Amino acid sequence: MAEYKAFQVELADKIAHVQINRPEKINAMNVDFWSEIIEIFRWIDETDEVRVVVLSGAGKHFSSGIDLMMLAQVANDLGKDVGRNADVLRRKILQLQASFNAVDQCRKPVLAAIQGYCLGGAIDLVSACDMRYCTEDAQFSIKEIDMGMAADVGTLQRLPRIIGDGMMRELAFTGRTIDGHEAREIGLVNRTYADQSALLDGVMQLAGQIAEKSPVAIRGTKEMIRYMRDHRVDDGLEYIATWNAAMLQSADLRVAMAAHMSKQKPEFAD
Numbered sequence: 001m002a003e004y005k006a007f008q009v010e011l012a013d014k015i016a017h018v019q020i021n022r023p024e025k026i027n028a029m030n031v032d033f034w035s036e037i038i039e040i041f042r043w044i045d046e047t048d049e050v051r052v053v054v055l056s057g058a059g060k061h062f063s064s065g066i067d068l069m070m071l072a073q074v075a076n077d078l079g080k081d082v083g084r085n086a087d088v089l090r091r092k093i094l095q096l097q098a099s100f101n102a103v104d105q106c107r108k109p110v111l112a113a114i115q116g117y118c119l120g121g122a123i124d125l126v127s128a129c130d131m132r133y134c135t136e137d138a139q140f141s142i143k144e145i146d147m148g149m150a151a152d153v154g155t156l157q158r159l160p161r162i163i164g165d166g167m168m169r170e171l172a173f174t175g176r177t178i179d180g181h182e183a184r185e186i187g188l189v190n191r192t193y194a195d196q197s198a199l200l201d202g203v204m205q206l207a208g209q210i211a212e213k214s215p216v217a218i219r220g221t222k223e224m225i226r227y228m229r230d231h232r233v234d235d236g237l238e239y240i241a242t243w244n245a246a247m248l249q250s251a252d253l254r255v256a257m258a259a260h261m262s263k264q265k266p267e268f269a270d
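Going by UniProt numbering, the sequence shown opens with residue 1, and the numbers climb by one from there.
It is worth saying that the hints were derived from the structure and are not from the lab.
Fair warning: this is a prediction, and the values are worked out from it, not measured in the lab.
Where hints are given, some of them may not hold.
Unchecked claim - Per label pair, the in silico range of CB-to-CB distance: (1) L68 with N101: 21 to 27 Å; (2) M228 with L248: 55 to 61 Å; (3) L253 with G79: 20 to 26 Å; (4) G208 with D81: 53 to 59 Å.
Think of the CB as a built atom: it goes at the ideal place given N, C-alpha and C, for glycine as much as any other residue.
Please construct the entire structure, taking both the sequences and the accompanying hints into account.
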């Protein structure tokens, strides 16, 4: 497994634990972060042994968002011509978006375990995950508004489908901070835990349950959920019919049915 500067990655029991590993910088997202996360999720997608992903942050905080030193570097690359500056900025924004698109488009379920700060770009990141869990004292904020800009890496596009349009607008316009309790109330996280240790234990347990399921069934379920974000119900029904015309021929279906009838735990191939 490759070594990374901004992450620590471990694979055990078919669970890939991807940990942002810059605790001394509050896990701020630097240049290495944005390129490495694409490499990591490409590896996850291509590695059949990985069935589920847990995304966390080392230390007291999940992430404080984009590294301000990186923003300063982007500013230094700008010149005097407005048109050329606009082209540079647009390409940079699309590049950053691709990093979180890699998380969103991953074939395997991604569970975010959040403690402490989850600010700015970190909201963009967890919005691209399938499920989110946090400690009671976690702090969430769409901080971009306080920096004089609109969030541009996925929050405004993905978050309305998670917490609803009205609540997303309130948080995006005010930049106010919410804790773990309110995050659960509005549906940003599925559940809260007393502390970081309980959080990781709980999320790993959930990941373990998912890892026991048929990889073919999990892949199809995630694909259909993602597809329905941008399509009508009849489109989705047509797609699942075509998808399952192939996937229902998988050996996993026979394995699952045999295990159910014999009251035994099924064992699926990677």
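Hints, verified against the model:
L68 and N101 have their C-beta atoms about 23 Å apart, which keeps the hinted 21 to 27 Å range intact. A hinted range of 55 to 61 Å is violated for the C-beta pair M228 and L248, which are about 20 Å apart. Distance hint check: the CB atoms of L253 and G79 are about 59 Å apart, inconsistent with the given range 20 to 26 Å. Our hint of 53 to 59 Å for G208 and D81 holds, since their Cβ atoms are close to 54 Å apart.
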